[in-house]
Amino acid sequence: MRRLKHTRRKEPTIALINIVFLMLVFFLVAGTLSRPLDGDLDLVRTADLEGALPPDTVVVHPDGRLSYRGETIASLDEFLATRSEEERKIVRLVPDRELPAQTLVKLARELRGAGAESVMVVTERGLE
Amino acid sequence: MALRKASKRRALSMTSLIDIIFLLLLFFMLSSTFSRFAEVEIAAATSGRSTEPSDNRPTFLRLSETEVSLNGQTYELAQLPDAFADLRQDEDDALPVLISLQDAVTAQRLTDLLVALRPVQGLSVTVLDS
Chain A
1162 MRRLKHTRRK EPTIALINIV FLMLVFFLVA GTLSRPLDGD LDLVRTADLE
1212 GALPPDTVVV HPDGRLSYRG ETIASLDEFL ATRSEEERKI VRLVPDRELP
1262 AQTLVKLARE LRGAGAESVM VVTERGLE
Chain B
1087 MALRKASKRR ALSMTSLIDI IFLLLLFFML SSTFSRFAEV EIAAATSGRS
1137 TEPSDNRPTF LRLSETEVSL NGQTYELAQL PDAFADLRQD EDDALPVLIS
1187 LQDAVTAQRL TDLLVALRPV QGLSVTVLDS
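Line by line, the protein sequences give chains A and B. Take any residue in the first sequence, count from 1 to its spot, add 1161: that is its number in the numbering used here. Take any residue in the second sequence, count from 1 to its spot, add 1086: that is its number in the numbering used here.
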């Protein structure tokens, strides 16, 4: 049926490589490599804040479940045990936006009690 | 010159070049993220440790899902910086702010408030834990 098509000219390879190179450069420049957060998480949205590095820290799900690098952890102590002395001073939390604020404050207080000097909430910046 | 010889060699094989470039492209497409992050500090009350004494009277801010009331008066989030400017008696001293959370407040709402309070200079914010 479609035999005729085989006689057509070869596709220009240089053009193909041009496009693929462009895409490669785009992803190299525009993307950031980071450990993926849990898939079903909606981060708190904010504007007017300076940027921060992609977080590698405890994720708090809407139901209060804690997870670190995709695995559920029972308590914050379990997470703190993997951190060095230096990293325990400033602890970051990644809460879901639907998490009750009470739970967040409770966790922050727990971290303070465990020796953290400041507790940061990681949010997602809108594209301005 | 010796370099001249090199130009006589065969052209590079396109297929293997494209293979490698495609691999790189796939890797960067799948592993890169475009979401940008930011962070804001949350200061929760700790038991048994008091903040520095201040000449300013502490203010009490009650946050619910729909409204913010500061010392009993309702405000919009955007009006808060002006409201704090009126409350401050001693410019040099920190103004203690106690935030109490109603039941239905989400992390999003609390963060909105903390971000709204950030531009105000000299506040010492404490989020109360019920």
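Hints are computed from structural coordinates only; laboratory data are not their basis. Do not rely on the hints blindly, as some may be mistaken.
[What the hints assert, rightly or not] Label pairs and their in silico Cβ distance ranges:
no.: 1; chain 1: A; residue 1: Asp1224; chain 2: B; residue 2: Ser1102; range: 30 to 36 Å
no.: 2; chain 1: B; residue 1: Ser1155; chain 2: A; residue 2: Gly1276; range: 32 to 38 Å
no.: 3; chain 1: A; residue 1: Thr1193; chain 2: B; residue 2: Ile1107; range: 46 to 52 Å
no.: 4; chain 1: A; residue 1: Ser1245; chain 2: B; residue 2: Met1115; range: 30 to 36 Å
no.: 5; chain 1: B; residue 1: Ser1210; chain 2: A; residue 2: Arg1244; range: 40 to 46 Å
no.: 6; chain 1: A; residue 1: Glu1259; chain 2: B; residue 2: Leu1163; range: 16 to 22 Å
[Claimed, not checked] Derived contacts from chain A toward chain B, CB cut-off under 10 Å, selection only:
no.: 7; residue: Val1181
no.: 8; residue: Asp1238
no.: 9; residue: Pro1256
no.: 10; residue: Met1281
[As the list claims (entries may be wrong)] Coverage of chain A stretches by chain B, computed from C-beta distances (three or more under 8 Å per stretch; other residues unrestricted):
no.: 11; stretch: 1182-1196
no.: 12; stretch: 1201-1207
Only a predicted model underlies this, so the values are computations on that prediction, with no experimental measurement involved. Even glycine gets a Cβ: it sits at the ideal position worked out from N, Cα and C.
Hints and how they fare:
no. : hint                                 : result
1   : A/Asp1224 with B/Ser1102: 30 to 36 Å : violated, 50 Å
2   : B/Ser1155 with A/Gly1276: 32 to 38 Å : holds, 34 Å
3   : A/Thr1193 with B/Ile1107: 46 to 52 Å : violated, 21 Å
4   : A/Ser1245 with B/Met1115: 30 to 36 Å : holds, 34 Å
5   : B/Ser1210 with A/Arg1244: 40 to 46 Å : violated, 27 Å
6   : A/Glu1259 with B/Leu1163: 16 to 22 Å : holds, 19 Å
7   : Val1181                              : holds, 5 Å
8   : Asp1238                              : violated, 17 Å
9   : Pro1256                              : holds, 4 Å
10  : Met1281                              : holds, 4 Å
11  : 1182-1196                            : holds (count 10)
12  : 1201-1207                            : holds (count 4)
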